[in-house]
Amino acid sequence: MTDPKIPTTTPRQSATFTQDVNSDIRRAAATGIYDIRGGGAKRKLPSFDDLLFMGASISRYPLEGYREKCETSVTIGGLHAENPIELDIPITIAGMSFGALSGPAKEALGRGASMAGTSTTTGDGGMTPEERGHSDKLVYQYLPSRYGMNPDDLRKADAIEIVVGQGAKPGGGGMLLGQKISDRVAHMRNLPKGIDQRSACRHPDWTGPDDLEIKILELREITGWKVPIYVKVAGARPYYDVTLAIKAGADAVVLDGMQGGTAATQDVFIEHVGQPTLAIIRPAVQALQDLGMHRKVQLILSGGIRSGADVAKAMALGADAVSIGSAALIALGDNDPKYEAEYNALGTTAGAYDDWHEGRDPAGITTQDPELMARFDPIEGGRRLKNYLKVMTLEAQTIARACGKNHLHNLEPEDLVALTMEAAAMAKIPLAGTDWYPGKPGTGF
Amino acid sequence: MQTIDLSEIGLREMNKMLHSQADQTNQTAWEIINPKGAHAIACGLNAPIEVTVKGSTGYYCAGMNQHATVNIHGSAGPGTGENIMSGKIVIDGDASQYLGATGHGGLIVVKGNASSRCGISMKGVNIVVQGNIGHMSAFMGQSGNLVVCGDAGDALGDSCYEARFFVRGSVKSLGADCEKKEMRAEHIEILQGLLNEAGFDADPSEFTRYGSARTLYNFDVDNAGAY
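Top line first, the protein sequences correspond to chains A and B. No gaps in the numbering here: position 206 of the first sequence is 206 in my numbering, and each next residue is one more. No gaps in the numbering here: position 129 of the second sequence is 129 in my numbering, and each next residue is one more.
Warning: the hint list may mix true and false statements.
[Said to hold, decoys possible] Here are the simulated distance ranges between beta carbons:
| hint | chain 1 | residue 1 | chain 2 | residue 2 | range |
| --- | --- | --- | --- | --- | --- |
| 1 | B | Glu-206 | A | Thr-207 | 29 to 37 Å |
| 2 | A | Ser-73 | B | Gln-2 | 15 to 23 Å |
| 3 | A | Thr-398 | B | Ser-7 | 38 to 46 Å |
| 4 | B | Gly-93 | A | Gly-347 | 54 to 62 Å |
| 5 | B | Asp-154 | A | Glu-414 | 55 to 63 Å |
| 6 | B | Glu-179 | A | Cys-201 | 22 to 30 Å |
| 7 | B | Thr-25 | A | Lys-69 | 50 to 58 Å |
To be clear, the hints were calculated from the coordinates, so they are not data collected in a lab. Just so you know, these numbers come straight off a predicted model, no measurement behind them. Just so it is clear, CB atoms sit at the ideal spot from N, CA and C, and this is done for glycine as well.
Isolated chain B, as found in the complex (with noise of 0.2 Å):
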């Protein structure tokens, strides 16, 4: 185990150390202490390693993660995961808004709540809440599965392609073009293989699914209210 104490080497110089990590490395598991909430720790990671940050981040904490596993033993700041390509985030506390926004793969697991705005055009990430989400989530949301232990905020999925939303609980209002969708075999599956890898023990027949009523897709005059 690597220590990287942020406080005494600065934004910089720590990305850096993590960025030099090249695919085959030995220093795969790392610590960052003293995070004190700043911004922008281990983004850009594109390595195969595990970094555990103890404490609560700011902003973009694991931005464009490509492959590394980053824990955050606290909260998460705004935007945590923006862009996620592959890899797994963790996060122990709540997670701020915009949280895992325009994710392209990858998994993000929240133990406690996520703010508004989770998953905001995610392309392709998966999200695993096991408490509640904020209002506007997943709007936008091109493909993937944000998955909701807890209860969903306004506006759920308004504007959605192909993004897949499973809520155990209840959910304030529906976004534009989301609705209640049937939930199939294959999305049992589905949601099962995410609840085994986020380490929920969550019954899937308790949740339901909504996605894309896809009645916005082209566009029509008669559909201008809907906006």
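Next up, chain A with everything else stripped away, as it sits in the complex (with noise of 0.2 Å):
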């Protein structure tokens, strides 16, 4: 019995042994296995949040936004191409499976982005045929699993990105779930219905970046030169990796933080293997400016990026363009509080379902189940995207204007500041106040 004379001192709480840990624990000492998930880092990380436009001044003037224009407009992969991709806004959609996706989903970012004048992008499991008819410009992903690969899609395609990392889990495969595998799903990947589909994690058929240099060789000689190469890598090693892309002969790089998504993986893969996007893009830039293909080659970055200003902020320290997922996804109407009652059910909360990988996705978005997908309009869901891709295009340009510049790809370093320390020193960019940031050459630190 405790004496109600003396004080008791109040339950405290361990920083290290958190309710979210303790519950990890629990969960991995139930089941024996470890989590999976969907989704990028959760964490939090240096972002682009961490940065700010400083605006025009008297030593630079701003423009009109309502009368003076600011162009949008990109057009990536001229290097070697016969045709280039011309997009009107620098933002595109980033490589989701159908599989991991309903059809409908899909045909949803083939409308939206269509209607905003930017490419989508296919992924693990083919190209379908709805994609490509609702998709002006379709990015093909050729991956190591090559599942639904072939020939007849690949001449099809606009532009071709080879997948060698994913921001989510560089160095790691993928894994579709039994419960996905409808039957449409297991005819295109040529398995059987129900069983766990893993996509390897690095190609069948080369290893490094002179291998590389070859399979680029065969895929334009397939496709008569016509269409531009990508080659997609994770933000593990972006000096090297971009420098290694570029020598074999990609007519972009995309690159991905790690807070970019996945349909699902292990969730110590997410949130403790890969760089945070705002740390990935200026060696990636270096590596550019170093073999003189800044804006030669286009660099398309992604993970995070949420509104015009990530969209400002990454064009400002050398991206050509942009590309996003999982805020197109809440776009469509993933994780809407509306559904919250079923998320819920699900264990979970309207902001935090990540489960994607087991099919039962509220919104219709991630399932592959007739009665969920039956949910989700892609009509309405194209339109929505749409909206979206217009809203951050437009606030892009708000900042832009303020900036005084008259094209979005006019945005510079020195238009920005840091606010942190860490942010200052991945994005080599001075703290606000200052004219200094860690690791400047020339200041001892």
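Dock the two chains into a complex; use the hints.
Written as structure tokens, this is what we have:
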């Protein structure tokens, strides 16, 4: 019995063994299996939120928002391809597979991207006719698994993206668990229905940069040197990876930070492997500049891009375009609070739902269940995505005009300041109120 | 017979010429001379033509082949016939690694030996090798048949799905989840058909069939040690 005269200490939670950590331990102890989930890194990371634009002043004058133009177009792949991709806006839709997403969700991505004047991208599992039909500009991912890979689809693509890595899991393959393997998915992937489908972590017929150069040659020969060839790498060693991709002959490099999503992989992989998007862009741009290829080989940055501010910051740091995946799914209706009761029934809450691999998505997007899929209207989804892309573009233009830029590509690092030491060091942007960042040449720190 | 001297016209012009052949072309027989180990020779063909390469080839010869027959009068480099969809590739000499990788259909015949990762991730292609094959062959093989008249190296059929492997000689070791299987009448028939198509005189009853034990089809933590 506690003596009421002796004061008790308040219960103290451990900063090491948090409730989250403890729940992970209990789940592991109960199941004997690691946690698998979708999405990107959820931990707090230095990000574009740690940068600010300074705007115009006496030394820089702004452009009038409603009268003076601020261009947003971008051409991707003009270095080697006969038909480079011309986009109205520098925000593309990242590769997401049919299989991970429903057919109608893929259709909506195509519709929305086309209405906004940008491209969408296939994913593991091949190209569906709906996706091709609804996408004005479709990038065909060439992945290690080669599920559904065929030269007829390759020739229908507007660009080819050789996927080497993904920000959520640099060095990791994918998996599509049996519950999402419908008859159609199984047929496209040439595997029995209901089994777990493992996507390889590296390509079956090439290893290393010298082989990659020959692989790019083969793909160009098969497609008659008509379409651009992108190389997608995770934010692992951006300076070297971008250098090697350029030397191998890539027309564009897609660089994906650890906030970039995946359909499913181990939580430990998502949270502990890779680098934040903010940290990978400057080394990548440096690689392009060192080879004299900046603005000739396009850099497409992805991984946690959410708003026009993120777009503008990525471009100010040297990207030619960005790519969105998770944000596009939210625009379609993923994790919408209107399904809160159903998320609760799945043991989660709107905004936190990430068990996309289980195929029980209440929003009908990351599922192959016919009843759940029927909840999702691809026409309305496409309209919502178009709206979102337009808003992001307007936001980026607003910032660019305020910085006196008549094209988003004219944004530059000198327009930015950093709010934290970490962001300053990673982005090589001066800490606000100073002209210094950690690691600045000649400053001795 | 149309003869193309690769050393004179270059890879792009040669492949362009072959790609421009339509389904109904009358120019069905082509000969490529002076290949000198060049990469991407005759890749992406999509017509019922017959191309004979007089010499050895580099990477990805006849890659993604559809409908065409490609004969290589020499040895073939890595990734020959990768992702083949249909048609036939015949290699007189040896084949390097990744032969027929991810092939979805068609037939690849090797009169010599094939190196490591032969038929890796095969998805329907049939591969018949008169000699031996190297290690990790048919890794993650999904479907199709791999016939080996000689011996197979280490880790045959590792993590395979529904692909079938017929080996006449020894298998140095089987990969994870690959096991010896009963040779039933339907398998003898499949094997005999493939041997006939390849033009190899071998007795199907001398072969052993291998395939997936299907224990790794759905993840189970108790199988973690198998990987």
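Now for the hints, and whether the structure bears them out:
At about 35 Å, the CB distance of Glu-206 of chain B to Thr-207 of chain A agrees with the hint of 29 to 37 Å. Between Ser-73 of chain A and Gln-2 of chain B, the C-beta spacing of about 45 Å breaks the proposed range 15 to 23 Å. Here the CB-CB span from Thr-398 of chain A to Ser-7 of chain B is close to 59 Å, at odds with the stated 38 to 46 Å. Remark: the range hint 54 to 62 Å for Gly-93 of chain B to Gly-347 of chain A is upheld by a beta-carbon distance near 60 Å.
For Asp-154 of chain B and Glu-414 of chain A, the Cβ-Cβ distance of about 58 Å falls inside the hinted range of 55 to 63 Å, so the restraint holds. Remark: the range hint 22 to 30 Å for Glu-179 of chain B to Cys-201 of chain A is upheld by a beta-carbon distance near 25 Å. Distance hint check for Thr-25 of chain B and Lys-69 of chain A: the Cβ-Cβ separation is about 52 Å, which falls inside the suggested range of 50 to 58 Å.
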